[in-house]
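S.K.: Chain by chain, the residues:
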Amino acid sequence: MPTLETKSISKRFDSIKAVDNVSLSFEAGKITGLIGPNGSGKSTLINLLTGFVPYDAGMLVLGETTRLSRVRPYDIATYDITRTFQDVRLFEQMSVLDNVLVVLTERNVWSALFEKHKTYHLEKAKEVLERVGLWEKRNQLAVNLSYGQRKLLEIARAVAMDANIYFFDEPFAGLFPEMRKVVTSVLKELRNKGNTVILVEHNMDIIRELSDYCVVMDSGSLLAQGKPEVVLSRKDVIEAYLGE
Amino acid sequence: MKKTLIGTAIILVLASLVLVVAKNNKRTTDGSVKVGAVLFLTGNQAVFGEEIRNSLLLANEVYNADADTNVELLIEDSQDDPKAGISAYNKLKQQGVSAMISAGDQVSYALSPLANNDKLPLVMTAAAAGEINGDYTFRSFITARKQAEVVGNYAVEDLKSKNIGVLYINNIFGESYLDALKAALHDRAAVVSEEAFNIADSELRTQITKVIASEPDAIVISGFGPGYTTAFNQLRQYGWRGSILTVNTLSIPYVFNTIAPANLHDTYFTDTNFDISEPANAKTAEFIKRYKEKYKTNPSFIGAFAYDMYTVLGSAIQKCGSDPEEIKDCLLDIQGVDAMLGDIDFSTHEMRVPLYVKKVEDGTPAIVKVIE
Amino acid sequence: MEYFIHLGILVAIYAILALSLNLVIGYTGLLSVTQAAFYGIGAYATAILITSYDVNFFLSILIGMAATGLAAFIIGYVLSRFDGDYFALGSFGFNIIIFSIFMNWQELTRGPLGIPGIDRPSLFGFVFSDNTPFLVLAALLAVLAYFLCQFIVHSSFGRVLKAIREDEKAIQIFGYKTGYYKLVVFIVGAMVASVGGSLFASYITFIDPSSFHLNESIFVLAIIILGGLANNKGAVWGAAFLILLPEALRFVGFPTDIAAQMRQVVYGLILVLLMLYRPQGLMGEYKL
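Chains as they are written, first to last, in the numbering used here: chain A, 1 to 244; chain B, 245 to 616; chain C, 617 to 904.
Everything labelled a hint here was simulated from the structure, so no lab data went into it.
Treat the numbers as computed from the prediction; the structure is a model and nothing was measured.
Glycine included, every Cβ here is placed at the ideal spot set by N, Cα and C.
Any given hint could be a false lead.
[What the hints assert, rightly or not] Okay, derived cross-link-like pairs now, DMTMM-like style, lysine to aspartate or glutamate, Cα gap no bigger than 20 Å in a straight line:
1. C/K785 - A/E106
2. B/K363 - C/E618
3. C/K793 - A/D80
4. C/K785 - A/E92
5. B/K337 - C/D746
6. C/K793 - A/E115
7. B/K327 - C/D746
8. B/K538 - C/D746
[Unchecked claim] Selected chain C positions facing chain A (in silico; Cβ < 8 Å):
9. R697
10. D701
11. L705
12. G706
13. I712
14. H770
15. S772
16. A779
17. D783
18. F790
19. Y796
The following block holds chain A by itself, in its conformation from the complex (with noise of 0.2 Å):
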């Protein structure tokens, strides 16, 4: 029973079909793969799949009984997916801190305005901080933060909000085997736990590493899916990645 579903979902930007009728599906449990060449769509999908941007066509169906026609920003997190960007979206001028409790406190203006429930949250954000290593930097404006603690500052604002289906946009681009390290165990306590988990990925050893499923995009149509050691060794996989 997949967690999410897209079924035909297209999204066309001018005369260009960035993502062309995908129908996936993704399990509780396991780390799909999203692989693909540059320009692939992957990324796009991600976009349609966290409402990010809207898709023409197509529905995302969530569990058994949500079919969603529609999806909007802040729609996401009430169905319980976040995710985390490839070129790193933090709120730079606030603090590491304020970075996590932004998404722990009240959504609603009202009750946002007069909370009180301070120490939970403290507790919570440095419960996901002290995961990834930041705790120390905590009141350091994210803007003065190095690359790779940004990214692991991304990660800990998504792990913080405690969701079921998590998307994570090249989180290994750029870091150093010892940040690589908290990461792969970050995503592997998530899928552990019982979480849906994308990853989005260009290194080949961390998927064949990480992922139990994979799905494989080129210009904007899924090309192939399936375990990571039968798809990575498909013809038409290595041809696409070799002609980019």
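Given the structure of chain A, go ahead and fit chains B and C onto it with the hints provided.
M.R.: This is chains B and C only, laid out in the frame that chain A set:
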């Protein structure tokens, strides 16, 4: 923490600067009487603020040359903004002035209630609109209302007009002029069109076309600034051949000179007796001569009002002393002051001077009617 | 002393305006120049209610806030359709519209003639006609405004505002309906500005449309940039600085015939230098 300290330090420095030097200025220098002036030396109409200042300084010089007690004239910039005007007023008050002069409509109306409260006589000039009230406020200027009344009566009685078109400046001056004009016309004539222009407008085709299309017998232009000159020139340019009735802005030398002589036919305007080319009396001739010598340029009626106002104030101080209350009473009763613009009468708080309707003939204005 | 008290009152009024604008621009990143309009609505509300309807000053503040809140709701709703630069342009447009209403709805506002003779506040028989009690009143209101803004900014709501400023789309993904937040802060900012306007009207006792033109919005913007965006202490400091500076310059001994102009030159020069060497303002950490 460091920033808060630096910030507080800067403010304290500024504040002390203001406080200490203000206290220093408070000490009277040599027992002389002080008169304060809040003028618009910067801003849109700065050139007239300058003229007022120049005329006041000149009048001050002349006064001190003859008088026994020296009068010190202290001038501050209001920037033509009521808030800054009030700051200036307060600073001058602190320096112990016995009387205050103010220029400009907005600033003067903001200062008037303060002066009334402080029992300090305030004479406003270059303030042509609105009512003045309170025992301590006086006006030394020709009002928009008065000019509109004269023009309205002239149009009906002398030019036999039934329909009047109006181009007026979109501010307090133009508005009060329009209201007074309508009141003066009453039911003897109708205002068939009224179009507004802004002080710096350079293109008024739309408004002018509308006014001409309403087929008036005469068109009135009231305003000042570059927009006024534009209105005048373009009115003729876009085809109006009939009579133009206007305000004494026209009498200002450089306004008069920027209007093509051909456009000045059939033009009437309200004015005081102040005339650069043919001074009405010895005092005027004297003023014009001295002003030109000192400031290398011609004054206009604006400078004349300021000069006369100071002469009157000086007279009051000479006669009644330096107490503000006495000066106020003195102003109300003042008689027989040798002034340029005529016999000054401040009993109604408004300076009453003879007014004229002048017509431009062969490029020079000539008096066609005398009022009061 | 009178002079000093007068300056103190101006500082209090502008501190209130600066605090209100800081909420909208400094913390939320909404580049709005409608502040002068809201300040004006408060001023006109108080002026009209006091002169024509004999309403008590303090009641007129509340009514003014309600009127401004309503205007802000409508304007904010329309502006929420716009993004970034277009928002600024739209807010500029609204400033002009409201200014035109002040100028042209003459039955209500007397247009360019302005409204003179606005009484000073009175409370249970005590009239604030002297400047000293008025200063106390103004300072009290400024302190209230300061604490209100601090409360908002240090709450979870405030944190969301900053996130909106940093990356609105991103914070939406985390479940926030940013449109509501922006509208609420816009309305609150407008209502605080309106209080400043009411104070202004009763202090100067004469208002006319020219005090509420774009220049005023820009002056308040300058205050919060100089003081440091997204810093409430900075807003108060900036107000003190920009009000006292031209007054302090009055005392510099320039030759009389160019004194006024020289002061304006020096004033401008100081502002430029400050922006060159300390663009984040005195207390700010955030560069626009």
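S.K.: Look at each hint and say if it fits the structure.
M.R.: Here's how the hints hold up against the structure:
no.: 1; hint: C/K785 - A/E106; in the structure: 18 Å, holds
no.: 2; hint: B/K363 - C/E618; in the structure: 15 Å, holds
no.: 3; hint: C/K793 - A/D80; in the structure: 16 Å, holds
no.: 4; hint: C/K785 - A/E92; in the structure: 14 Å, holds
no.: 5; hint: B/K337 - C/D746; in the structure: 15 Å, holds
no.: 6; hint: C/K793 - A/E115; in the structure: 17 Å, holds
no.: 7; hint: B/K327 - C/D746; in the structure: 17 Å, holds
no.: 8; hint: B/K538 - C/D746; in the structure: 43 Å, violated
no.: 9; hint: R697; in the structure: 15 Å, violated
no.: 10; hint: D701; in the structure: 20 Å, violated
no.: 11; hint: L705; in the structure: 24 Å, violated
no.: 12; hint: G706; in the structure: 22 Å, violated
no.: 13; hint: I712; in the structure: 30 Å, violated
no.: 14; hint: H770; in the structure: 11 Å, violated
no.: 15; hint: S772; in the structure: 4 Å, holds
no.: 16; hint: A779; in the structure: 5 Å, holds
no.: 17; hint: D783; in the structure: 5 Å, holds
no.: 18; hint: F790; in the structure: 4 Å, holds
no.: 19; hint: Y796; in the structure: 5 Å, holds
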